[in-house]
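Student: Given next are the chains, with one letter for each unit.
Protein chains: 2
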Amino acid sequence: MRDRGEFDWSRQFSAQGGRAAPSEIQELMKILDRPGLISLAGGIPDAKLFPIAEIAAAHRRILDDPKRSGLALQYTHSEGFAPLREWLAGDWRRQGIDCGQENILVTSGAQQALDLVARLFLDNGDRLLTAPTLYIGALQAFGNLAPAYGELAELQQPRAPAAKLAYVMPDFANPTGLSMNLDERRALLEGAQARNVVLVEDGTYASLNYDGPPPASLMALSAGRSGAIDGARVIYCGTFSKSLAPGLRVGWIVAPAAVIRRLVLLKQASDLYTSLLAQMVLFEVVCNLGDTHGETLRRIYGMRRDAMLSALSKYMPGGVDWTKPGGGMFVWLTLPPECHATELCSRALEEENLAFIPGSAFYARSPSRNTVRLSFCLNDPETNAQGVERLARLVAR
Amino acid sequence: MRDRGEFDWSRQFSAQGGRAAPSEIQELMKILDRPGLISLAGGIPDAKLFPIAEIAAAHRRILDDPKRSGLALQYTHSEGFAPLREWLAGDWRRQGIDCGQENILVTSGAQQALDLVARLFLDNGDRLLTAPTLYIGALQAFGNLAPAYGELAELQQPRAPAAKLAYVMPDFANPTGLSMNLDERRALLEGAQARNVVLVEDGTYASLNYDGPPPASLMALSAGRSGAIDGARVIYCGTFSKSLAPGLRVGWIVAPAAVIRRLVLLKQASDLYTSLLAQMVLFEVVCNLGDTHGETLRRIYGMRRDAMLSALSKYMPGGVDWTKPGGGMFVWLTLPPECHATELCSRALEEENLAFIPGSAFYARSPSRNTVRLSFCLNDPETNAQGVERLARLVAR
Chain A
7 MRDRGEFDWS RQFSAQGGRA APSEIQELMK ILDRPGLISL AGGIPDAKLF
57 PIAEIAAAHR RILDDPKRSG LALQYTHSEG FAPLREWLAG DWRRQGIDCG
107 QENILVTSGA QQALDLVARL FLDNGDRLLT APTLYIGALQ AFGNLAPAYG
157 ELAELQQPRA PAAKLAYVMP DFANPTGLSM NLDERRALLE GAQARNVVLV
207 EDGTYASLNY DGPPPASLMA LSAGRSGAID GARVIYCGTF SKSLAPGLRV
257 GWIVAPAAVI RRLVLLKQAS DLYTSLLAQM VLFEVVCNLG DTHGETLRRI
307 YGMRRDAMLS ALSKYMPGGV DWTKPGGGMF VWLTLPPECH ATELCSRALE
357 EENLAFIPGS AFYARSPSRN TVRLSFCLND PETNAQGVER LARLVAR
Chain B
7 MRDRGEFDWS RQFSAQGGRA APSEIQELMK ILDRPGLISL AGGIPDAKLF
57 PIAEIAAAHR RILDDPKRSG LALQYTHSEG FAPLREWLAG DWRRQGIDCG
107 QENILVTSGA QQALDLVARL FLDNGDRLLT APTLYIGALQ AFGNLAPAYG
157 ELAELQQPRA PAAKLAYVMP DFANPTGLSM NLDERRALLE GAQARNVVLV
207 EDGTYASLNY DGPPPASLMA LSAGRSGAID GARVIYCGTF SKSLAPGLRV
257 GWIVAPAAVI RRLVLLKQAS DLYTSLLAQM VLFEVVCNLG DTHGETLRRI
307 YGMRRDAMLS ALSKYMPGGV DWTKPGGGMF VWLTLPPECH ATELCSRALE
357 EENLAFIPGS AFYARSPSRN TVRLSFCLND PETNAQGVER LARLVAR
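Residue numbers (my numbering), protein chains in the order written: chain A, 7 to 403; chain B, 7 to 403.
Derived by calculation from the structure, the hints in this document are not laboratory data.
Be careful, since some hints might not be right.
Since the list gives no way to pick one copy over another, a pair counts as held whenever it fits inside one copy or between any two copies.
Said to hold, decoys possible - Listed below are the simulated EDC-like cross-link pairs for lysine to aspartate or glutamate, each with C-alpha atoms no more than 16 Å apart in a straight line:
#: 1; residue 1: K320; residue 2: E301
#: 2; residue 1: K73; residue 2: D52
#: 3; residue 1: K320; residue 2: E388
#: 4; residue 1: K330; residue 2: D217
#: 5; residue 1: K54; residue 2: D70
#: 6; residue 1: K54; residue 2: E92
#: 7; residue 1: K54; residue 2: D71
#: 8; residue 1: K330; residue 2: D312
#: 9; residue 1: K320; residue 2: D217
#: 10; residue 1: K320; residue 2: D14
#: 11; residue 1: K320; residue 2: E395
Quick caveat, the model's predicted, so the values are computed rather than measured.
The task is simple: from the sequences and hints, build the whole structure.
Tutor: The structure is reproduced here in structure tokens:
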């Protein structure tokens, strides 16, 4: 009966349970309330722009309605709230693509979408093709299955090793802000078809476009060939976290019905279902807001991007390069080769009260140490400019 | 460029992605609105007993407060809302067991708790000890890792094959309604220690006790030896789904800090975090309600249990046995050996407009075909009695 804490838990953990690496963003988020800190770190939308009044009103309407309140707080099935799925399917039908509720699974954020897709397709060691850098949460979700990472260019190489999945963020990618043009999208699809690879399209930032809408999605191009989602070989992951608010934790997957049916089973085993109250609220909010909210976000975030890009031109010393994103939340900097971004990040916190994410956190393989991700959405234009000025001072020092 | 739906998705799925079986409960839930149907099927609490006014008021207070609304809808870290974790930790400290926030992870329902624990500990094929029957959702969560199932009795057998994990619901178990007494709990712990097995304790139904509180939890017994959660070899999974409302999707894990730190990483990769709004609402509701709501549930559900047990005595023909649960939601019936419960279930829907779950859905191995699970919480006492009368007619036919 003696068991006084000397139990060695680490020897009990599974192979996959020991693999995930902690996210640096999560650590950085814990110090964001430091006085005077300028954070260009997390991919965090500005809470001041959340449609809080609409969200509060929808909660009130649903929870004060005796016909709906009990339903909203009760168990439900795993597929998601039918009117919300129907609304999401309508988006594709308006593009001339046959899409029904059976093509939609509501998830607990896009993070769960990636986790479910990873578990549905990847066995340990399967080859996964990605851009050199990608969203840290995708690295975590896929990382649980310990894939062998390869580059997207392998889709065009007939003699490259067989791959199972390719993960792509074609619009304003996290962390680089870069987008694929229409020709690149078509080439990617052709390669995926020739090499029998499933494409996972992460559409997280597609709606945050500041210079006009992006080219057709991979899903639209793939489904367009047969005229139906069921004919596509793409799995599309979307979220309301950037366009409305992350706190409702609602994302979705669009995929052929044969894939959705399997994902529903994994979803059931993962968390049974996504809060019906949150789904009902979201459905009312998207119906009531129309596109006015999206226009507001594009206008305001667009100005914040402009401010950051201007400040980079104004303050950065020679030898620093950066991307010029048409949307999303991020600018990606390449510092002079002798710069070590992780050290710079520590110095930035200490000497300049400035937070950002060193680029090395985003690499699937062989990280570059002289890259940096800056997020421009959280702060007003002046603060973005000040943040860039602080960073420029550090780099020049 | 031709790809017209002939793509064979099933050949792309991973080993684990193809394994989960559909839950019959999920299917049955889709027909629950049939007129006149009496459902003794799902483990569903009665929505009429949800503290809806409190939940609505808490939403209003938080979403109408400019200091809190943005926070509630923003990203947050994965561990959970600190005041809620502190409140949960306080529960253990009042039992004289050292417990802090670092011992608590908030999850998206107890289902996610089981999924994360399964992924942290089980490699494909690891041995998992359970009662002969268990919660379908646990079978789904563990099933993704394709464990080799063994019986809990193996904990007392020094020469049984090595096992990694034992999953136990000591209080009013789903599906049997049976509980373990204090001696059985102590023997289980001793066996787990002797055989180096981690215990996963599912406390879902502990608060729904109708004849007085259950004996000390496995966690309390294990942590009691060293006086601290960090000295336990138990992982405790709890939920607000039965005691308040499932729709908020909030559960939790209590475990040594070394385990929580790993689970946090898996949680991050799974869905980043559980809705902070839901956690803030729950914290206000539990603080405001005190134990009055629990007392109401115990009184009303207790009467519904009594009604079902009386009706079983009154109507059931000879050769039928059933459990007499002291809490929870379920009575477990053993029909005469010639009865085939799955066929009976189809006939019940057709001939008697009655729904229940055939017992075979709950077995980890070698299902008995003559068992049935009845849920007594959803209906008033008269309906429970009518449902049992309908079932008795069918069995006698």
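Student: All hints are to be evaluated individually against the structure, with a verdict given for each.
Tutor: Verification of the supplied hints:
no., hint, verdict
1, K320 / E301, "neither (28 Å within a copy, 67 Å between copies)"
2, K73 / D52, "between (34 Å within a copy, 14 Å between copies)"
3, K320 / E388, "within (13 Å within a copy, 78 Å between copies)"
4, K330 / D217, "within (11 Å within a copy, 68 Å between copies)"
5, K54 / D70, "between (26 Å within a copy, 14 Å between copies)"
6, K54 / E92, "neither (30 Å within a copy, 28 Å between copies)"
7, K54 / D71, "between (28 Å within a copy, 13 Å between copies)"
8, K330 / D312, "within (9 Å within a copy, 70 Å between copies)"
9, K320 / D217, "neither (22 Å within a copy, 74 Å between copies)"
10, K320 / D14, "neither (55 Å within a copy, 54 Å between copies)"
11, K320 / E395, "within (9 Å within a copy, 82 Å between copies)"
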